Amino acid sequence: MSVEAREKRQPWILLSPALGAVALLLLIPLVFIVVYSFWLRSAVGPDTVGFHLDNWQRALTDPFYRYILLNTLKIAAITTFFCALLGYPAAYFITRSSGNKLILLLLLMLPFWISYIIRTMSWINILGSSGALNTALMSMGVISSPIQMLYNEATVILGLVHFLLPFMVLNIYVSLDGIDTNLEDAATSLGATRWQAFLQVTLPLSLPGLAAGGLLCFVLGAGTYITPLILGGPRDAMFANLVFEAIITQLNWPMGSALSLLLLIVLGALVAVYNRFLGMSQLTKGLG
Amino acid sequence: MGAVNLSNIVKRFGTFLAVDRTSLTIPEGSFTTLLGPSGCGKTTTLRMIAGLLDPTEGEIIINDRRVNDVPIHKRNLGLVFQNYALFPHKTVAENVAFGLRYRNVARAEITRRVAEALELVQLPHLGNRYPKALSGGQQQRIALARAIVIEPDVLLLDEPLSALDANLREDMRVELKNIQARIGVTTVFVTHDQSEALAMSDQIVVMSDGRVEQVGAPEEVYNTPASEFVARFLGASNILDGRCLSCGAKQAVLEVPVFGKVTVPAAKAPHLKGKGAAKLVIRAEKLLLRDSPPEDGAFSAPAIVETVDYQGQSVRYFVRAGDIQLQAINMIDERPFSAGAQVHMTLRPQDCAALPG
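Read top to bottom, the protein sequences are chains L and V. Each residue of the first sequence is one higher than the last, beginning at 1 in this note's numbering. Each residue of the second sequence is one higher than the last, beginning at 1 in this note's numbering.
Calculated directly from the structure, the hints in this document are not laboratory data. The structure displayed is predicted, hence computed values, not measured ones. C-beta atoms are modelled at their ideal positions from N, C-alpha and C, and glycine is treated no differently. Accuracy of the hints is not assured; some may be wrong.
Said to hold, decoys possible - Heads up, simulated SDA-like pairs for lysine to any residue below, C-alpha to C-alpha not over 20 Å straight-line:
1. V/74 <-> L/184
2. V/177 <-> V/165
3. V/132 <-> L/124
4. V/90 <-> L/178
5. V/90 <-> L/21
6. V/74 <-> V/61
7. V/90 <-> L/195
8. V/90 <-> V/115
9. V/132 <-> L/184
10. V/273 <-> V/245
11. V/275 <-> V/245
12. V/132 <-> L/279
13. V/275 <-> V/263
14. V/74 <-> L/185
15. V/90 <-> L/278
16. L/101 <-> V/13
17. V/74 <-> L/194
18. V/90 <-> L/203
19. V/286 <-> V/333
20. V/90 <-> L/184
21. V/132 <-> L/278
22. V/90 <-> L/101
23. V/90 <-> L/185
24. V/90 <-> L/179
25. L/74 <-> L/234
26. V/74 <-> L/195
27. V/90 <-> L/194
28. V/90 <-> L/193
29. V/132 <-> L/205
30. V/74 <-> L/141
31. V/177 <-> V/216
32. V/132 <-> L/178
33. V/132 <-> L/177
34. V/132 <-> L/179
35. V/177 <-> V/166
36. L/101 <-> V/14
Stated by the list, open to error - Computed far set for chain L versus chain V, every beta-carbon distance over 12 Å:
37. 74
38. 112
39. 187
Take these sequences, add in the hints, and give me the full structure.
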């Protein structure tokens with residue numbers, strides 16, 4: 001074999017275990033799900049095999065599904081907004097802190113060492129009827145009986161912001177860290193105040209990081225089902241809860257498959273739009 | 001009073017003393033260079049003048065106004081960085097116009113002045129490009145245009161040529177000096193490169209360890225160093241430890257190893273206080289090697305060539321006389337001496353300088 005041919009083959013040899021895993025664990029199951037979504041569930045016995053559009057028709061026309069889908073996108077959007085609002089100043093602070101950047105970044109990653117479910121459940125101990133906040137307010141005499149703070153849309157958003165904030169901060173941090181601090185100094189030397197220099201120079205240059213963090217928060221937020229399950233009320237179901245409900249509770253695999261593909265298509269379209277305008281490279285930067 | 005006055009400036013970072021009680025006058029319209037090795041406090045001093053750092057103690061006065069408490073955006077200074085610091089998301093014209101937008105300049109006036117500034121740096125056609133499409137030299141010219149278009153009281157240059165290639169650097173230094181001379185703006189230039197400092201400056205401030213070692217015109221600093229540090233930092237020098245035998249109004253007589261008694265004009269020994277320990281500074285290019293002793297009775301001493309560092313039009317020799325090693329940089333037009341050759345070193349005493357020991 002010639003040297004060139006060997007050099008050409010080498011990356012593929014190294015990639016093959018990963019490609020094999022992706023094919024086996026992601027691509028093949030996905031194909032199964034696509035096939036499932038065209039089957040029909042029978043009241044008794046095995047599902048009806050075939051090419052039926054019933055599930056898709058229901059997924060696309062049922063007003064309940066549409067309402068949940070829009071609500072899911074709304075919750076994801078609000079979550080993303082708050083992540084950006086809280087995450088930007090934090091990322092800016094970490095970028096500009098001189099010596100202890102690594103410690104601050106480590107602190108940011110620390111929550112990932114605790115299970116996501118535990119982190120979500122912790123809000124029950126804070127906001128529940130016998131949680132920290134209610135107990136404190138009652139002992140101070142501000143209220144006489146506990147306030148119902150949990151199990152609504154606001155607590156779902158709170159839980160999601162808690163979960164997703166580090167992703168946003170990291171993405172903005174990576175973007176800000178790549179901006180030369182001399183640029184702001186140059187702007188102020190030319191007559192801009194610190195705030196004007198930030199608005200004119202730093203903010204526009206950090207937008208790619210903000211967008212990457214936003215996309216990540218939105219996609220992860222829109223796909224979540226644990227947070228609404230733990231912190232939401234009966235009316236706060238998100239789209240992934242419908243999938244869970246269809247597959248686990250109703251054992252309607254074909255319908256669950258169609259619903260999960262619908263969410264995949266909606267979020268995939270969003271990623272495609274992002275890729276068209278900003279490119280994927282920014283996203284991988286933020287994940288590293 | 002100069003355009004910029006520093007009086008008793010001290011800057012501490014924690015326990016580190018970056019600038020130690022420095023006073024300095026930068027004359028109106030002058031090109032003043034802060035020269036020194038890295039860590040000598042030159043950039044810290046520049047950043048304090050700019051307002052990017054606050055002095056721990058002391059006063060900074062720009063055009064008779066105390067500016068210690070004036071924020072950077074109100075100081076009206078032009079600042080040029082080593083890495084250009086152009087705004088990558090703005091076009092060249094937008095970069096140059098940036099400072100004018102904070103100065104209530106009418107739109108038509110902005111366009112005119114941007115064009116004028118680009119003309120001055122000889123890049124009139126690049127207004128619509130983005131910085132990343134320009135070469136390093138072009139970017140540095142745009143950075144200069146952006147700094148001077150606001151007609152600053154003082155132009156501050158922080159190693160602006162260091163990131164450029166050697167050839168381009170020499171062209172840019174001539175051009176930078178020409179532009180400065182044309183607009184006559186008081187300029188403070190920070191560099192660690194002695195040839196840049198010597199070529200461009202009206203006044204050189206040599207700094208070391210946070211202190212000013214010497215202030216003077218380039219030829220003054222080069223020919224009459226005020227300290228051993230300055231003698232060693234600028235050019236290549238031989239420094240011989242000896243004694244001062246007499247120190248008069250016209251001349252000083254030193255006794256040093258190798259050459260014996262050397263009479264130095266008083267002008268070359270301004271810091272010598274009287275008899276006692278003294279040092280003789282001999283520039284490497286003033287020490288000439290010959291194969292026979294001079295017949296005209298010039299100052300001379302025998303030596304043996306140890307190392308030959310051939311550089312084309314000149315050669316750097318390391319020679320040994322007794323247990324002392326000296327270096328000599330000589331222009332040559334034929335073959336250089338080879339290692340091991342017996343030579344005679346000659347020098348003119350008036351080319352030497354004397355320092356207190």
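Tested hints:
no. : hint            : result
1   : V/74 <-> L/184  : 15 Å, holds
2   : V/177 <-> V/165 : 18 Å, holds
3   : V/132 <-> L/124 : 52 Å, violated
4   : V/90 <-> L/178  : 17 Å, holds
5   : V/90 <-> L/21   : 45 Å, violated
6   : V/74 <-> V/61   : 14 Å, holds
7   : V/90 <-> L/195  : 18 Å, holds
8   : V/90 <-> V/115  : 16 Å, holds
9   : V/132 <-> L/184 : 18 Å, holds
10  : V/273 <-> V/245 : 12 Å, holds
11  : V/275 <-> V/245 : 6 Å, holds
12  : V/132 <-> L/279 : 19 Å, holds
13  : V/275 <-> V/263 : 14 Å, holds
14  : V/74 <-> L/185  : 13 Å, holds
15  : V/90 <-> L/278  : 18 Å, holds
16  : L/101 <-> V/13  : 19 Å, holds
17  : V/74 <-> L/194  : 12 Å, holds
18  : V/90 <-> L/203  : 13 Å, holds
19  : V/286 <-> V/333 : 17 Å, holds
20  : V/90 <-> L/184  : 14 Å, holds
21  : V/132 <-> L/278 : 18 Å, holds
22  : V/90 <-> L/101  : 30 Å, violated
23  : V/90 <-> L/185  : 16 Å, holds
24  : V/90 <-> L/179  : 14 Å, holds
25  : L/74 <-> L/234  : 17 Å, holds
26  : V/74 <-> L/195  : 14 Å, holds
27  : V/90 <-> L/194  : 18 Å, holds
28  : V/90 <-> L/193  : 18 Å, holds
29  : V/132 <-> L/205 : 14 Å, holds
30  : V/74 <-> L/141  : 53 Å, violated
31  : V/177 <-> V/216 : 18 Å, holds
32  : V/132 <-> L/178 : 15 Å, holds
33  : V/132 <-> L/177 : 19 Å, holds
34  : V/132 <-> L/179 : 14 Å, holds
35  : V/177 <-> V/166 : 17 Å, holds
36  : L/101 <-> V/14  : 19 Å, holds
37  : 74              : 32 Å, holds
38  : 112             : 33 Å, holds
39  : 187             : 7 Å, violated
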